[in-house]
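Student: Sequence:
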Amino acid sequence: MDYKKTNADLTTTTRDLRDLDSKTGNLYESVAIVAKRANQISAEMKEELTNKLAEFASHSDNLEEIFENREQIEISKYYERLPKPSLIAINEFMEDKIYHRNPQVEGQK
0 MDYKKTNADL TTTTRDLRDL DSKTGNLYES VAIVAKRANQ ISAEMKEELT
50 NKLAEFASHS DNLEEIFENR EQIEISKYYE RLPKPSLIAI NEFMEDKIYH
100 RNPQVEGQK
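So in numbering that gives the first Met the number 0, the last spot in the sequence shown is 108, and the numbers never skip.
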């Protein structure tokens, strides 16, 4: 997923608990869904960052290492400026972009 195109907040925002509750009927279930999605996003972002930084890995010391280090710093700064995974997950949840189901509730129907 392209996280730079997300319209999630960059800072913490106060949320109305009734908005989270209205999606599932249970606040704790909503929070669990958002938490699981945030973990998925975090893992994806970490893997992407690791792959990009691995391109600069070298086992020899030379003058070019200084320039590579600058590029690594820029990549790291870019990822630091992105919204946090929890904010992206909350945004996706509020916009109904997360598929979720509760097998216990489906079994009772």
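If you are wondering where the hints come from, they were derived from the structure by calculation, not from laboratory data. Take these hints with a grain of salt, some might be off.
[What the hints assert, rightly or not] Heads up, simulated BS3-like pairs for lysine-lysine below, C-alpha to C-alpha not over 27 angstroms straight-line:
#	residue 1	residue 2
1	LYS45	LYS83
2	LYS51	LYS22
3	LYS96	LYS45
4	LYS76	LYS22
5	LYS83	LYS96
6	LYS45	LYS76
7	LYS51	LYS76
8	LYS45	LYS35
9	LYS22	LYS35
10	LYS51	LYS35
11	LYS83	LYS51
12	LYS96	LYS22
13	LYS35	LYS96
14	LYS83	LYS35
Student: Would you list, in rising numerical order, the hints stated earlier that this structure does not obey?
Tutor: 2 and 4
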